[in-house]
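Protein chains: 2
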Amino acid sequence: MTNGIRYGEAPSDGAGLVVGVDIGGTNSVVGAVDETGRLRAQAHFPTRARESAELFVPRLAQVISGLCEELAPHIQLRGIGIASPAASTREGIVDNPANFQWGKVDLAGMVGRYFDVPVMIMNDSDAAVLGETRYGAARGMSNVLLVTLGTGLGAGIVADGKLLEGAHGAAGEIGHIIVSPGGRECTCGRRGCAETYISATGVCRTVFELLAGSVAPTPLRGVSYDALTAELVASLALQGDRCAAEAFERTGHALGLLLANVVAEFDPEAIVLCGGLIHAGELLAAPAQTSFAQHVLGRYKGKVRLLLSTLNDGEAAILGASSFARDRLHEVVVR
Amino acid sequence: MTNGIRYGEAPSDGAGLVVGVDIGGTNSVVGAVDETGRLRAQAHFPTRARESAELFVPRLAQVISGLCEELAPHIQLRGIGIASPAASTREGIVDNPANFQWGKVDLAGMVGRYFDVPVMIMNDSDAAVLGETRYGAARGMSNVLLVTLGTGLGAGIVADGKLLEGAHGAAGEIGHIIVSPGGRECTCGRRGCAETYISATGVCRTVFELLAGSVAPTPLRGVSYDALTAELVASLALQGDRCAAEAFERTGHALGLLLANVVAEFDPEAIVLCGGLIHAGELLAAPAQTSFAQHVLGRYKGKVRLLLSTLNDGEAAILGASSFARDRLHEVVVR
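Those protein sequence lines, which keep their order, are chains F and H. Be aware that the first sequence starts at 34, since it is given in our numbering, and climbs by one per residue. Be aware that the second sequence starts at 34, since it is given in our numbering, and climbs by one per residue.
Just chain F, with the same shape it has in the complex:
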């Protein structure tokens, strides 16, 4: 089933658009990338992760079609690369992403019903680390850890110049390292996972812990759990609110310790931080740097760079997923 436009009729010279999609816990971003790696058009829409994938896919298809119609007939669609949490390229499925109500779905197949071009899926953090090593802060590096700080916490790893996928395409789940046994309940069903502390959600949970533990007045006492966002906490912290600042200090401290531990396993040359939470800037980065320096093993000291992503939100994953899909266009056609 196509929606009228013959997206597949691209010139045979490898030109044309490959759409990259980044599915986030809160928002999804679609970008149309040309053969030079330039993002030609982009659109955002709310993911609504608590709805089913069957409701999500038609909305995604509509946004992709809209972008392509904007750019057609000058340049045509050749393929689609989708970055999603809990996606396995090898198995072609998305399996129960931790903050979603999707279950196990054949996302590539479902999206493929709307378009006459190959659709590939990959883990969101893998897409982002590819984007960063090809176009971003880690350009040209061979041993890189990309850490995504959004609704959840994830990592993509490039080791010795190659994506580290693991035996089941599931490497890099650092958000589900248990850092506090018996601690905060996680959407994965266990307790004490890193992402319950180190993420946008983690910042909000820490605020509520601080509100419970102190009596100091703060505007945060007038905000409900459902209404609180990490953006609000950041803006209050910048206005001098102690509770808000303390929540970021604790998050940054936990992040620095986690990164020091992860360095001892992967020995990267750089760690790139990305995701919505990095907009908090020094509120998060300063305590993270201090804690990292305090906790990192002597033999790695001064050898690992902590970088902030230089790409806009979702761009690393869009560019990575799109270039990953473009690399494989030929393989797919040949099969």
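Honestly, I wouldn't trust all of these hints.
Which copy is meant is left open, so a pair is good if it fits within one copy or across any two.
[Said to hold, decoys possible] Below, simulated BS3-like cross-link-like pairs (lysine-lysine); rule was C-alpha separation at most 25 Å, straight line:
#, residue 1, residue 2
1, K195, K336
2, K334, K137
3, K195, K137
4, K336, K137
No lab work stands behind these hints, which were simulated from the structure alone.
Chain F is already provided as a structure; the job is to place chain H on it using the hints.
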């Protein structure tokens, strides 16, 4: 400087011995491996890690010479591969191994002064994981984590069929993941490192914590800190001593949690446990299995095998270091 024997005069057909050395925190093992991967002769000696490397190397050279003399003239020495903690193949040095008083030493160069053959060094855990994937429990697997439970705690990683070395040859230092911030002091100068809990030393430290925290009678109250060994704790546990058994239960529990966390990062098909502490058998393995099953993220459940090494102590590292050195004999000769 050679000691009289012309070790280099091997036949040109790739035959001959390559000695593998495994330097442990307590004992070192030397093995002479022939071109079929068979261990032809083997010798042990105490490492005395608190002495300098300058005192260790002559003792090592004497053991190697002894083994070679045993086997000469039938088969001759072609090369030496040394597995040492904190060794970097790329930089050719051993840099301050955590439980040693060596500082930073050019171990390959120092040993090379005694023999007329190429000497290569590599990280002990890297050697062991090569040995296990080539000759042991993980034969033929492409994504394997080898965990060494000895005086310290280390890991060697094979990802996608290749040794994961990291940007500075220092990947896999899982013994220095901080699992308990502010916890037990570690020889690395920090606090709360995994190996202060999960290692032979960790078992003994846990015993002393238990002795301090209870008043129950146990023969362990008659043993000094310096005299206590994990072997003694294991043998008392097997005789029904509650304190000794509890020390292994806690160690196994911590090990299972650590392995569950590490699986979330590397996504291996198997974890192979080796090192002196695995002689404790079910005392350690049973609580480790339970804790691993309890803590591992849902998506990895039933996908990761926990295996015990099937090779004898030090053999994996000897075989790995020897085969690594043999692979590179030609490269070295050509240079």
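Checked hints:
1. Taking CA atoms no more than 25 Å apart as the test, K195 paired with K336 passes in both settings, with 20 Å inside one copy and 23 Å between copies.
2. For the homomeric pair K334 and K137, the shortest alpha-carbon distance between copies (15 Å) is at most 25 Å, but the shortest distance inside one copy (42 Å) is not.
3. Neither within a single protomer nor between protomers do K195 and K137 lie at most 25 Å apart by alpha-carbon distance, with minima of 27 Å and 31 Å respectively.
4. In this assembly of identical chains, K336 and K137 lie within 25 Å of each other by CA distance solely across copies; the values are 17 Å between and 40 Å within a copy.
The structure fails to meet hint 3 from the earlier list, while all remaining hints are met.
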